[in-house]
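*Asks:* So you can see what is in the structure, the chains are spelled out below.
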Amino acid sequence: MFLLSLQMADDALLLGHRNSEWTGHGPNLEQDIAISNIALDLIGQARNFYQYAAFQFNENRTAYEGLINSPAFQQVAENLDEDDLAYLRDANEFRNHLLVELNKGDWAFTITRQFFISLYQQHLYSDLQKSSDRQIAAIAEKSLKEVNYHVRWSGEWVIRLGDGTEESHRRMRSAIDQLWQYTGELFIPADYQEKAVQLGILVNPGTYRESWMAKVRAAFDQAGLVIPESGWTQKGGKQGIHTEHLGYLLAELQYLQRSYPGSSW
Amino acid sequence: MEKQGTIQLESVFQDRIDQDIRIEPRDWMPEKYRQTLIRQISQHAHSEIVGMLPEGNWITRAPSLRRKATLIAKVQDEAGHGLYLYSAAETLGISRAEMIDQLHSGKAKYSSIFNYPTLSWADIGAIGWLVDGAAIMNQVPLCRTSYGPYARAMVRICKEESFHQRQGFEILLTLSRGNKAQKAMCQDAINRWWWPSVMMFGPSDDASPHTAQSMAWKIKRFTNDELRQKFVDICADQVKILGMLLPDPDLKWNEARGHFDFGPINWEEFWQVIAGNGPCNKERIAARVKAHEEGAWVREAASAYAEKQQTKQTAAVA
Amino acid sequence: MKTYITIQYYGDYGDRETAKESSGNLPSNRDWPLWEVFIRSKMGLDHKHVGSLHAADAQMAIENARDVYTRRQEGISIWVVESKNIHASNPDDSASFYDPADDKVYRHPTFYELPDELKAM
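Residue numbers (my numbering), protein chains in the order written: chain A, 1 to 265; chain D, 1 to 318; chain X, 1 to 121.
In short, the hints are calculated from the structure, not lab data.
Treat each hint with caution, since some may be false.
Said to hold, decoys possible - Restraint-style ranges between C-beta atoms, simulated for each label pair:
1) D:R39 / A:E252: 35 to 45 Å
2) D:A286 / A:Q178: 23 to 33 Å
3) X:D46 / D:D225: 22 to 32 Å
4) D:Q313 / A:E244: 40 to 50 Å
5) D:A286 / A:G224: 30 to 40 Å
6) A:S70 / X:D46: 54 to 64 Å
7) A:S132 / D:R66: 22 to 32 Å
8) A:S259 / D:A212: 26 to 36 Å
9) D:R177 / A:E65: 31 to 41 Å
10) A:E244 / D:H104: 52 to 62 Å
As the list claims (entries may be wrong) - In silico EDC-like cross-links for lysine to aspartate or glutamate, where the CA-CA straight-line distance does not exceed 20 Å:
11) A:K104 / D:E294
12) X:K84 / D:E98
13) D:K252 / A:D221
14) D:K308 / A:E167
15) D:K308 / X:D31
16) X:K84 / D:E307
17) D:K308 / X:D46
18) D:K308 / A:D106
19) A:K104 / D:E293
20) X:K84 / D:D27
21) D:K290 / A:E167
22) D:K290 / A:D106
23) D:K252 / D:D237
24) D:K308 / A:D221
Keep in mind that this is a model prediction, so the values were computed, not measured.
Virtual Cβ for every residue (Gly too), placed ideally from N, Cα, C.
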């Protein structure tokens, strides 16, 4: 379940990172604080999942041999910790959905992406609460409380912007157009997710699609927005094949740990 | 006649101040008291908001997940502090929009310290320890300031501010116990932030024209130089724990005074930074203006949506 | 979390009139309306005024109040009232504040391990 934990951690970290780019630059003070809170929640979730992934790795090192090959990571001799996983893997060793790594865009882009992901996480964590893996169930339970709020907050913003001014409506449509092709990946299980399904740890994310879609449609209806015709689905993130955005993000995120190997901060 | 009435009000007002009774928004107050407060509170609010930028720089580059979360929380707190303070100023009859305009147009000032750049991770530590330390020294007495909403905002702020200083010191402490490069990074940050922090207390008392009136009105409770001395005394001890040096060859314990003596302050630099010639003045304001302008369509959309909802509700009732 | 929205009229002259007129016609660069925030904490008996904020509507005001003034404390109740609807005598209420959320320990000063000899921090 190492990869499964890692996948969820990567999603949470990268989206938290993107949202934190708004800190100090939000559309007004109140919303600056709101988006920073969501960033904090997500980074908190990431830490929990990374800690659990590190624990699993340390317990059974040989089983995961060869999975992470970046030279920086290979140099970690002792037990892994959360930061080794976040800071020392290369881009192709990240397992996040492509959706979370895309640049922060404008407020409409940020809100729409948040809404898509939060709705997905709401389904995911609701199921994982009942998972046979008790540690994952506990993290899911704690995270779900936060995610429920993210869904509510971003959903209201989707409606506000969709039904606000002409400009906000236009920006929402453009955000949806850009983001839609990345949503399909949420519902296509990776091999390690399928394995987790077999073990009763995870419910197949493909089963979320219908209910996810219904909730998106409900919000879009209120917002006067339309779900795009289904088109091509961009995927690969969960297998380590990413967009160009991720390399830049990691170059920034990891720079201190990479420049000063083995230091404490 | 009217003049006499005002004089009487003024003496009642001063009486209340002398008795340490808080002035509240609806109480009568001299116009100059109101203006002084607006100036001071809005400057303070602007400082919090502009102050988010130099530290915000390092959110995406923080060296561990714990540091990253902590830094976001800290910078977010500063937004909160700005918000409390803008709200306090609003009770005096100025809107936040007006204050923000004043900041963007350069009419309003903010603390000059935030016009210095954050060049390394250690700067985040130095800001926490020195800049927040100086800020706390300035702010704690303001919890007893005479204007109620300001004092209440300050109580809340001071409570949150303590974590800021501790996280900063902890960053430096970790670096000071690290490898050679980290130690050098730590000393370099202290070297660059020390004097600007000492200047944060403002011009010396003999060059500070507003101090006397502000003290009489209990808007201010200690003079700039008193607070500065206290700050130097505390830091001169704390720096020993870090095993670092403060960049002042004249720093020396003076037994007779019971204080540390310190070297001359470069006031020319201080006034230049205030006048807009600091290393980052233009970038800071440009960043604020950009966020504000790019947020305009968002604010308008939310207002438009709220209006539509209200219209619908009214229509439904009618 | 239970939330309440109340608009309070005290019957002052001009009260209802101003309340009606003000939310129409916002010039584009003006602030969102100002709201007063009242919070009842877990242990608290009554709602207390904690401060104010700007929000476009009541829903947003409640959410902002949660983000700004409670930072995630569970089990609380928030009231928001548009400031223009508040009429008041002169209050001298004591300052009230709430502890940061339980799960955000890094907001607490004691989260930082510092040597005992460090004074005044």
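*Asks:* For every hint, state whether the structure bears it out.
*Replies:* Here's how the hints hold up against the structure:
1. D:R39 / A:E252: 35 to 45 Å: holds (39 Å)
2. D:A286 / A:Q178: 23 to 33 Å: holds (27 Å)
3. X:D46 / D:D225: 22 to 32 Å: The hint (22 to 32 Å, Cβ to Cβ) is violated, given that D46 of chain X and D225 of chain D are roughly 44 Å apart.
4. D:Q313 / A:E244: 40 to 50 Å: holds (47 Å)
5. D:A286 / A:G224: 30 to 40 Å: Holds, at about 35 Å.
6. A:S70 / X:D46: 54 to 64 Å: holds (57 Å)
7. A:S132 / D:R66: 22 to 32 Å: holds (30 Å)
8. A:S259 / D:A212: 26 to 36 Å: At 52 Å between Cβs, range violated.
9. D:R177 / A:E65: 31 to 41 Å: holds (34 Å)
10. A:E244 / D:H104: 52 to 62 Å: violated (35 Å)
11. A:K104 / D:E294: holds (14 Å)
12. X:K84 / D:E98: holds (18 Å)
13. D:K252 / A:D221: Distance ~71 Å between K252 of chain D and D221 of chain A Cα, so the pair is violated.
14. D:K308 / A:E167: holds (16 Å)
15. D:K308 / X:D31: Holds, at roughly 17 Å.
16. X:K84 / D:E307: holds (17 Å)
17. D:K308 / X:D46: Measuring from Cα to Cα gives roughly 34 Å; hence the hint is violated.
18. D:K308 / A:D106: Not satisfied, since the Cα-Cα distance of roughly 24 Å exceeds 20 Å.
19. A:K104 / D:E293: The given pair, whose Cα atoms are some 17 Å apart, holds under the 20 Å limit.
20. X:K84 / D:D27: At roughly 18 Å apart (the allowed maximum being 20 Å), D27 of chain D and K84 of chain X satisfy the hint.
21. D:K290 / A:E167: holds (18 Å)
22. D:K290 / A:D106: holds (12 Å)
23. D:K252 / D:D237: With Cα atoms ~11 Å apart, K252 of chain D and D237 of chain D stay inside 20 Å; holds.
24. D:K308 / A:D221: Roughly 16 Å separates the two Cα atoms, so the pair holds.
Of the numbered hints given earlier, the model fails hints 3, 8, 10, 13, 17 and 18; all others are met.
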